[in-house]
Amino acid sequence: MKKENKHSKFKKYGMVIDLDKCTGCGSCMVACMAENNVPFKQDESDKLLSITWLRLFRLTNDKPFPETDVCYLPRPCMHCEGHGGHSPCVSVCPSTATDYSKDTGIVSQIYTRCFGCRYCMASCPYKARYFNWWDPVWPDGMEKYLSPKVSPRMRGVVEKCSFCYHRYQQARDKAYMQGKPDIEESDYQTACAQACPSGAITFGDLNDAKHAVYQLKKDPHAFRLLERLGTNPKVYYVSSREWVRRAGDNYLKDEGRLKKAVH
Amino acid sequence: MDSALIPKGVKRCPLWQFALFIGAVGVVLAWGVYAMLLCWFKGLNQTNMNDYYGFALWIWADLAVIAIGGGAFFTGLCRYIFGKDELKSIINYAVLIGFICYSSALLILAIDIGQPLRGWFIFWHANVHSMLTEVAFCLTCYFGVLTIEYIPLLLENRQVDRVPFFHHLGHNMHEIMALFAATGAFLSFFHQGSLGGVAGVLFGRPFAFREGLYIWPWTFFLFTWSAAACGPCFTILVTKITEKATRKKLVKDNAIELLAKISGWMILTYSIAKTADTWYWATVTAPSKGLTWDFFYSNNPLYGKWILFTEIILCGFVPAFILVTKKGRKNVPALWIAVTLAVIGVSLNRWVMVLQVMAVPVMTFDYWAMYFPSWQEIATTILPVAYGVIMIAFSHRYLPVFPHEAELNPVEPLPSDEEQLAAAVEEMVDVEQELKPAEA
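These protein sequence lines map, in sequence, to chains A and B.
Residues in the first sequence are numbered consecutively from 5, following the numbering used here.
Residues in the second sequence are numbered consecutively from 1290, following the numbering used here.
No wet-lab data here; the hints were simulated from the structure.
Take these hints with a grain of salt, some might be off.
Derived DEER-like restraints, expressed as beta-carbon distance ranges [unchecked claim]:
{"id": "1", "chain 1": "A", "residue 1": "Asp24", "chain 2": "B", "residue 2": "Asp1655", "range": "41 to 47 Å"}
{"id": "2", "chain 1": "B", "residue 1": "Val1621", "chain 2": "A", "residue 2": "Gly234", "range": "50 to 56 Å"}
{"id": "3", "chain 1": "B", "residue 1": "Val1417", "chain 2": "A", "residue 2": "Asp191", "range": "54 to 60 Å"}
{"id": "4", "chain 1": "A", "residue 1": "Thr27", "chain 2": "B", "residue 2": "Val1417", "range": "43 to 49 Å"}
{"id": "5", "chain 1": "A", "residue 1": "Val74", "chain 2": "B", "residue 2": "Phe1412", "range": "45 to 51 Å"}
{"id": "6", "chain 1": "A", "residue 1": "Lys51", "chain 2": "B", "residue 2": "Asp1542", "range": "53 to 59 Å"}
{"id": "7", "chain 1": "A", "residue 1": "Arg232", "chain 2": "B", "residue 2": "Leu1395", "range": "50 to 56 Å"}
{"id": "8", "chain 1": "B", "residue 1": "Asp1655", "chain 2": "A", "residue 2": "Lys67", "range": "18 to 24 Å"}
{"id": "9", "chain 1": "B", "residue 1": "Val1316", "chain 2": "A", "residue 2": "Phe44", "range": "35 to 41 Å"}
{"id": "10", "chain 1": "B", "residue 1": "Asn1588", "chain 2": "A", "residue 2": "Val74", "range": "20 to 26 Å"}
{"id": "11", "chain 1": "A", "residue 1": "Arg176", "chain 2": "B", "residue 2": "Phe1654", "range": "34 to 40 Å"}
{"id": "12", "chain 1": "A", "residue 1": "Tyr76", "chain 2": "B", "residue 2": "Phe1475", "range": "50 to 56 Å"}
Backbone N, C-alpha and C fix where the C-beta goes; we use that ideal spot for every residue, glycine too.
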């Protein structure tokens, strides 16, 4: 009898974020910015002009005290698969500056090919894409602290969360040097997952049964943002609170219980 | 001073008056150029766009000028392919307006991109799945066609026409103009449509998303249809404004009436199709994403249900009913109102399909985003208008844009000067013959 192969040929990297564990501390955002050389300005008060690859949203259940409840929701790029790799942004980019990798499931952004039409930003319902309205200006001396693994972006191009793709490249190189056929789960972790003090963010290959995310995504309380749009995102959220799960998508008033996430 | 350049048999204002007018419009143009240079050299931080409003005033202006510039391809189609000879009185002007609109659209696109020097990537690294790629290719090709259609008119200038080579070139280009009209109609169908597709394929944006036929969402067909319907109205509107400005009748009534009639029926059928599309979206598409249609028109300071009424009823069915009736078309104030409403309607549609799409929150914990353009955006949007006015002013002064102008406005000689009268009559006969090839 043929043994069931739990390993898919292709990887599908994704995240499971436990919203019940998230305290909203923002460590993930800081780690992300430092790791990926995300530029910032002196005045960051206008959040519609701030580049935050991973952004923390504050959700409330809109109920008066004492029933008030708050949930913090970290939102990286969802690395949508869409149907057959036609994620909302990849299919619209006119110059193939963003691509869906069927090997990793990661949506990449090629900064040197992007000419800044911003169609991908218009297509993204999660607003996970950011435009460089200015050239990056680093405070004196800070350029020495930039990561040499990630190229800083110039004015006029779009950028977004890459699931720390440079770390994947490093992990692959390491596995090759060590003669391993594949990379270990611990060898490729995103900066936000490692920085989260409460362990709310878990990262790994959603297709690999040995990875924690494989089981976590099957949690009955798991859901994805805006699943009904057909974006097929690879970031799962888990919450025991019904109102939080319901906030993950739009529902008509007469629609009853939520459906489970489609895996 | 420039009388040698002015077509025979027509009267133009004195050069100083013309220069003064061009100077005044030129100031506006210079303001727009300054803003454009600011955007190019300092970047798009000169605008009020942001990460929620990646598409804003410029993309609207782009879509709107392309829609109202649709009069060129549709009038050309009616004139050369369907053989509506009455339209030869207005076809040159339709081509000129189309040329202005499309060159403006390309200019706006060049300002709108974050890395203008990489603009050519859209052709070099083309993604065949992107509607914007189709827009870029068809738009550029069609602009080429419009240039080819405009060249014979340039060659009709009195002094240029004296050169035998240019005279024959112009004549031969007229001979094959039907081919270019057909090519223009074909290209226009696709780029007008793909501009509709730009919004319609956004399956992550339930306000814009539409189902459709094969790879084309319904907005693809609606955009083409509305451009063909309302583009001629813009041609009529600009013609009427030009007639007011020059205080002359420039186009025969039968041409205006025929174009208005065709446009009226197109707007009527478009409005019915748009109603059906909106109905299906409101009752099937939006609810399938967990949203009711009125969600998109509430809880914000600008986008209310008035938009639907204004776009479909006031600027759709109302002008359509005016234009399809003979009485409505022949009534000058009613005609003015109808063509103005149609132009507003199609522009509003483009606004909604760009700006409102960006404004609507999709995630339940997100919010409506409002936006007001910066002066640089406004100046660069007015820039094409100033450019268009200057183009029209020069073309009207030095080129035989309106082939029936001399016939409709006979130059009256001084009764005391009999010699001048005889010369004028002779000239009129010449004009009749010489202006014929001007129809392009």
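Hint-by-hint comparison with the structure:
no.	hint	verdict
1	A:Asp24 x B:Asp1655: 41 to 47 Å	violated (22 Å)
2	B:Val1621 x A:Gly234: 50 to 56 Å	holds (51 Å)
3	B:Val1417 x A:Asp191: 54 to 60 Å	violated (36 Å)
4	A:Thr27 x B:Val1417: 43 to 49 Å	holds (46 Å)
5	A:Val74 x B:Phe1412: 45 to 51 Å	holds (50 Å)
6	A:Lys51 x B:Asp1542: 53 to 59 Å	holds (58 Å)
7	A:Arg232 x B:Leu1395: 50 to 56 Å	violated (38 Å)
8	B:Asp1655 x A:Lys67: 18 to 24 Å	holds (20 Å)
9	B:Val1316 x A:Phe44: 35 to 41 Å	holds (40 Å)
10	B:Asn1588 x A:Val74: 20 to 26 Å	holds (22 Å)
11	A:Arg176 x B:Phe1654: 34 to 40 Å	holds (36 Å)
12	A:Tyr76 x B:Phe1475: 50 to 56 Å	holds (54 Å)
Violated hints, in rising order: 1, 3, 7; the structure is consistent with all others.
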